[in-house]
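Novice: As they're listed, the protein sequences go chains G and X. Numbered continuously in this note's numbering, the first sequence closes out at residue 369. Numbered continuously in this note's numbering, the second sequence closes out at residue 546.
Treat the hints as calculated values from the structure; they're not laboratory data. Be aware that one or more of the hints could be misleading.
What the simulated footprint calls covered on chain X by chain G, stretch by stretch (three residues with Cβ under 8 Å from a Cβ of chain G suffice, anywhere in the stretch; the number is not a length) [what the hints assert, rightly or not]:
1) 210-220
2) 237-246
3) 344-357
4) 437-445
Restricting the straight-line Cα-Cα distance to at most 30 Å, the calculated cross-link-like pairs of lysine-lysine (DSBU-like) are [what the hints assert, rightly or not]:
5) G:K180 x G:K249
6) X:K543 x G:K362
7) X:K410 x X:K543
8) X:K543 x G:K180
9) G:K249 x X:K543
10) G:K362 x G:K180
11) G:K362 x G:K249
The C-beta atom is built at its ideal place from N, Cα and C for all residues, glycine as well.
Listed here are the chains, written in short residue letters.
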Amino acid sequence: MNLLPRRRAVHWIVLAREFLDETSASALLALTVGTVSLLSSLGLFLNASPLTSVPLLVFLASITYGWVRHRELTARAVTMAMTASTILILALIVVFIFVEAWPVFDVARAEVFGISVPGLRLFTQAEWAPRSAERYSLLPLIHGTVMVTVVATLVAGPLGVASALFVSEIAPPTVREVVKPGIEILAGIPSIVYGFIGFTIISPWASEQFDLVGQGTYLFVGAVVGLMALPTVVSVAEDALNSVPESMKDGSLALGTTDWQTMTTITLPAAFSGVSAAVLLGVGRAIGETMAATVMLRNSPQLPEPLYNVFYGYDTLTSAIAAQYGEATGNQLSALFAAGVVLFITVMFLSIGSQLIERRMKRQLGGQE
Amino acid sequence: MSTITSRNSLVNEETNRYEFAAGATIALSALLFALGMTALFEFVTLTDPVAGVPIVSVLGGLLVLIGIVVLGLGVSSRLELTESTPDRSAGLVASFVFGGIWFGIGGIVAAGMIGLDGAGWILPAFLFGGGAFAATAFTREDIGSTLPAGVSAILAGGVFLTGVLGPGWSWSPGSFPSDNAVTFFPSVVVPGSVLLCSLLVGWASAKAYAGFGARGRHLGAHVLIYLNALGIIAVLFGLVGFVVSKGAPTAFTGFTIGLGVGPEVTVLGLSFSLPVSWPFLMNGASVFVKIDGILPAVVGTVWLVIGAVLFAVPLAVGAAVFLAEYAEQGRFTSVVEVATNGLWSTPSIVFGLFGASFLIPRFGGSKSLIAGMLTLGFMLLPLVLITSREAMLAVPDEYRDASAALGVSKWQTIRSVVLPAALPGIVTGVILGVGRIAGETAPILVTMAGGTLPAGSETIDVIGGFEFISTPPFVTNEALLEASSALPYQLYALITAGLGGPQFQDAPFSALDFAWANAFILLTVVLSFYAIGITTRYYFRRKLNR
Chain G
1 MNLLPRRRAV HWIVLAREFL DETSASALLA LTVGTVSLLS SLGLFLNASP
51 LTSVPLLVFL ASITYGWVRH RELTARAVTM AMTASTILIL ALIVVFIFVE
101 AWPVFDVARA EVFGISVPGL RLFTQAEWAP RSAERYSLLP LIHGTVMVTV
151 VATLVAGPLG VASALFVSEI APPTVREVVK PGIEILAGIP SIVYGFIGFT
201 IISPWASEQF DLVGQGTYLF VGAVVGLMAL PTVVSVAEDA LNSVPESMKD
251 GSLALGTTDW QTMTTITLPA AFSGVSAAVL LGVGRAIGET MAATVMLRNS
301 PQLPEPLYNV FYGYDTLTSA IAAQYGEATG NQLSALFAAG VVLFITVMFL
351 SIGSQLIERR MKRQLGGQE
Chain X
1 MSTITSRNSL VNEETNRYEF AAGATIALSA LLFALGMTAL FEFVTLTDPV
51 AGVPIVSVLG GLLVLIGIVV LGLGVSSRLE LTESTPDRSA GLVASFVFGG
101 IWFGIGGIVA AGMIGLDGAG WILPAFLFGG GAFAATAFTR EDIGSTLPAG
151 VSAILAGGVF LTGVLGPGWS WSPGSFPSDN AVTFFPSVVV PGSVLLCSLL
201 VGWASAKAYA GFGARGRHLG AHVLIYLNAL GIIAVLFGLV GFVVSKGAPT
251 AFTGFTIGLG VGPEVTVLGL SFSLPVSWPF LMNGASVFVK IDGILPAVVG
301 TVWLVIGAVL FAVPLAVGAA VFLAEYAEQG RFTSVVEVAT NGLWSTPSIV
351 FGLFGASFLI PRFGGSKSLI AGMLTLGFML LPLVLITSRE AMLAVPDEYR
401 DASAALGVSK WQTIRSVVLP AALPGIVTGV ILGVGRIAGE TAPILVTMAG
451 GTLPAGSETI DVIGGFEFIS TPPFVTNEAL LEASSALPYQ LYALITAGLG
501 GPQFQDAPFS ALDFAWANAF ILLTVVLSFY AIGITTRYYF RRKLNR
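Bound-form chain X, shown alone (with noise of 0.2 Å):
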């Protein structure tokens, strides 16, 4: 009895211990993992010393203790010194992956360091990664998924340790001509490595953890799909904030609030001045301005989409109508699916070729507004008609069937119980859609596009430009017929121009800020409609869930 308890007591201290041991391999992995990314966008440099240390012999020396405990993990699972329930195999997955990674492996080392010429490296490389592959598919669980990543990091990092990856440590393949020369650097390979090793390391550990088995699989797989998906908002935050932070001062220079500041503007015959001004987004871009702005490209956005929305979303509300409530499902109906899908995932340059060739020729021959409205029309054409068809089909029969037996007719009942009960699927498809047009550039560019930095006397004025004749075609309106910029491709034109091109004469920005301050105006805009969209459907489907 009491050797079964001193047994017992022996096997949970040693598994407080193991997995002590492989929590802490986790937490090391992260934080090398970390210190990987940080080395590779250059906020630390390799050669800096740590109390002393390079940072290279520090990653160096981490990776290998990681290394080293990784396998104990795994060796002390094999020998059952702890509990754990292992598989007899690590899995096919996870085989092809360390034998792929150790092909590369492999191949590296015999022609980076070793210095294999031509087709050299193939043998190593397989002997390498089908070494991994065995190590992987043949042995128990805990020793297949150990093995080959503790392996690796002791590799890795012995390699820093030794100095063989010194600063003056390069390679480019022999095989590439020298105008196609690629030569890597330990600036690279050394963060790289790292990663890459972490992620492994992590991974085996995290199995180790949950004493392999099903369990391991699960919080391995786990880890990995949590970072994956931590990767992706980080990645969103850090593009958003760097615009913002690098576009934002630019484009509010200048900007005050107050009583009478703005420029003066007139309505139905008063006239006042805005209580705000806002150089950037109110000036065009000429030598008669201090700070010099976008404004006719904001407009020309603005004409963009209401032209766009006019066309398209009459269009598609009534076609998502005859689809969800006329149609009987069909040929018809089948076809218009497959065209609409078609519709929606052709590529936004083929609609600007088609609007080029079959709009240009028949709206006076060059690129125009009107062009440019109706070829995003027609991308923003399947965009509605889906969601809206699909907020359509969401509308329970209930409601009409209880319309019907009222004795009111299907168009009433359509108008009066359908199209109010979708209307918030409605407009949340269109006002996503109409995110996706305003940020589209290669339609307009080849339909619409404008001077790169028009000034504030090219702005659009459509409303004004309206005139009636007596002859066919009765209605003309010249603004519509004119080139125009729009935001998107503004800063595609600036970009074209060359970004140390154009200098403003006396403007407190270069040509470069002008170019992020337009950025960061395009994504608030576009954003904002995304912001707005997504929040309106969240909010009606938490208002329906109730």
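With the rest of the complex left out, here is chain G (with noise of 0.2 Å):
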């Protein structure tokens, strides 16, 4: 049982005096240097010491020296060290916004069967109201979330699946040059620019018409939002429906079947894993959407009523953060986040479960490409 590790193990050492060997003694030296530098200069940035950029001069220094003399090595550690970044930024982020949202979790215990749970307060209570009671609750934000990503994954799925399909299956090569960039560029309009056409003209058209009480509604940036999110799901649904073999849609397709009895028993089935990651990056889009929340809602976080109502539309967890940042402090601004907090992990999940479901549909399709 154990053998494996130490077996791994062992090859680990014996790789490692091999490059010791293989290496020049000034080689290593620089690659010391280099490597305690940056850490040393990134250990010094964490602490907000002014002394950061005198480790980091010697680590350029070391790079400098490294690439005139030991070039393919030093290529080799300093795009590493590029790839470790990312990941190293992903950890800083999940660090820093759990840190400032700790203080909320801490005020907000609650008991279950004696245990004292930090936070579970944000999600048992509906109020919010951070000058009067200092209380918090991610209730409303999540209920509101939840409302606009429902609507606009109603749009942006089914319309963004059609889109994929014309796209990718039935347009005519002339039209598809049309309609492709056409799509890509509505994913570039911002979203600051959709959320200021909702308040100067939905918003009011939406009270005007159905007489509500003040504007906001979740109705209209979820469909907003879904308009902004359909992008994400054509782009990646077609690389889908594409990665489906033309083997396969020409063996159905000499059957006899038509087109859409081909892409409804051969390519869509066959895409199937590709198509729903597709919408689950979109929900992901809608989910984080900020701007045209803020801009569009009211930014007071509670429920309407009844809970179904879609007509009044108060506050998101992207809203509230963007709308309550600048006058927020203390409880407040650890509140807002834990609203980062639940975004963030919410979009993880997403982002993950939908990587292990394209991994998957790659697998299946692999053999046969």
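Assemble the dimeric complex from its two separately framed chains, guided by the hints.
Specialist: Now the structure itself:
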């Protein structure tokens, strides 16, 4: 049982020894100096020290030396450090937003079976009163995000998959040359521009048409956010549809089926996991969309009555952060970071889920390509 | 022999008439759909008369007409008066869609028109929904597709014609409290039901036109999918055109071209006047200028993009080189892949929170340009990394092998073979990524936001801000540590300040016009990046395919 890790360790030691034997002493020295100085400048930066630039200069000097004398090794080491920075950034994001969110989790403890669970009260009561009662709740925010996301998914899911089918299977080449960049450009319109149009045109229109009290509805925010998530769904779903081997479609068409029959019985089922990954990524985009929601909603966290009332929009996780960050201090600020934590965890689950699905699809179709 | 011929010609004649009716119904549905859209966006008022008849009655009459025709198509196919190849059933998807729609119709009729209170709508809703489901699922395809569609059109049209939905009609669900009340008026309900019914009838008659069965489904689905694509493109052009028409006139106020009309600039000790004067882009907002402008925001956005690109692009391309060329597939690369995709989907506001808690305390403790630059750099990193890596993986291995066969070292191969071949892909990725971050508001809102309407004197001067000192950190830059404005943030600040809010002293436009012009400039900047990026990609792809 223990053999495997030990064998692996031996393997690493052998590799390391080979590396040490092959590499000259000066290269090793430059490598060590570079690594140590990079790590120490990182450490100093985390401590907000003005001395950060000293090891940074040492690092740059060691790279320059390495670049002149040992280019191969330096290129490899530097690009590897750059690669590691992605993991580092993600780790720093996790650590920093969790640390900032902790105070409110600590305050909002609640007892379950005699055990004090930090942060539970954020999810069990629905009152958000930062000034008067120092009460914070993520419940109305999560409710708002769910409402917006459901509407957005109902818009972006079917329309996005239909557009992906159109672009990848149906459209004649000339039409595709127009539609595809068109959908990509739709992704380029900044969310604040959508929000501005929503705020000046759609919200007043909705309030008048439905005789609402005040402005801001989850329904139309969801529709706008769905439009913004649509390009993500289209481009990922289109990739999935394109990855279905032509031979499978040809086999079906050769039997005399129509295009549509081939799509529904061969292409869509084969690409199903990829298409659902596309919808998941679209959901992730919708959850994280900030500015359109901030500008179009009422920015006062509470639950509408009845709960499914999509015509009244109060606040979402993202819009609460954007709208309140400027004036929040203390526990309120920490509660906003807690909203960020919930967002981050949800989106990370969606991202990892869609990656697993895509990987599975690649494995399934991989043999035939 | 002659009887067979005459029977054939009879069937042919029937078929011709049938196809004509189906085609005409498709066309009428399209017309109704367009009419419904114009009514929904209030280009026409429902009570306006057309040839003496109010529009709502015209819509009702047309709905009844297409409803009856589509029913006739279904019945004549069922009675085999025409050649068609229907399946045994219209299928589960259609059944659920029709069941759902009729569930809604039942509920609305019970609650909104008969006025059943409380949960009284549930029973009729289930009866109607279940009936429509059964009528679709358990009849032959020709009846199952046309019956529910035709009947809903006839019902809606009949309601319009009889005047039940007159101008005075309204309905608000009783269970909603007064501060969360919703009221439905004919101005929404009528166009909404016209849109829905025209979609249903259009789909059913497209199926009928192709004789149901596989070909019918093919045509029905294609009609809907083409409509969807057309709708998305229409939305795109509508949005862009709307912003341009609202914002361009203000943005170009006082725009002149001519020798020496522009502001004076000094380049390399030579000072001269620019040949272009564009006050909206070249002025700040203050009482001292005639035409208020957004110069500080434009300059802020430019510096933001430069900073983010300088930080993220080398990092991302280096990481992509490692992943594509050096690394072997293993645990490290798959962790990096998960991390990169995770960063790609992390919401922009979370990046903002991270920037605020991580960067601000380490760069002077207040919102600053450099915090915004680096935060956007963090966002740009995964965008560029993913596209660069794909571009490098797309370089054929033959290139690398040929280079290696000449005895060229690995890094030399990467520099002189892989990177040049992948350059178009990398550049496209950078341009599209920059387009994305240039329009981001949320991260800079919490990391570098400046004032609402900065004056021209608040324009940030990064190059002049550098100072060298003898103690660590040896170099400082006041400008980088100051808060600055940026195009998307300024638009947000204008909205939150209230668009009736800051009135300009003597400018020829209002605050709302100013905001539209700001949106127009922002959209132009961002979409130019996208247009350039997409065009380069198409250009290089076509070159590769040749």
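Novice: Hints first: check each against the structure and report whether it holds.
Specialist: Okay, the hints, checked on the actual structure:
no.	hint	verdict
1	210-220	holds (count 4)
2	237-246	holds (count 4)
3	344-357	holds (count 13)
4	437-445	holds (count 6)
5	G:K180 x G:K249	holds, 22 Å
6	X:K543 x G:K362	holds, 28 Å
7	X:K410 x X:K543	holds, 27 Å
8	X:K543 x G:K180	holds, 19 Å
9	G:K249 x X:K543	holds, 28 Å
10	G:K362 x G:K180	holds, 24 Å
11	G:K362 x G:K249	holds, 17 Å
Hint compliance for this structure: every hint is met.
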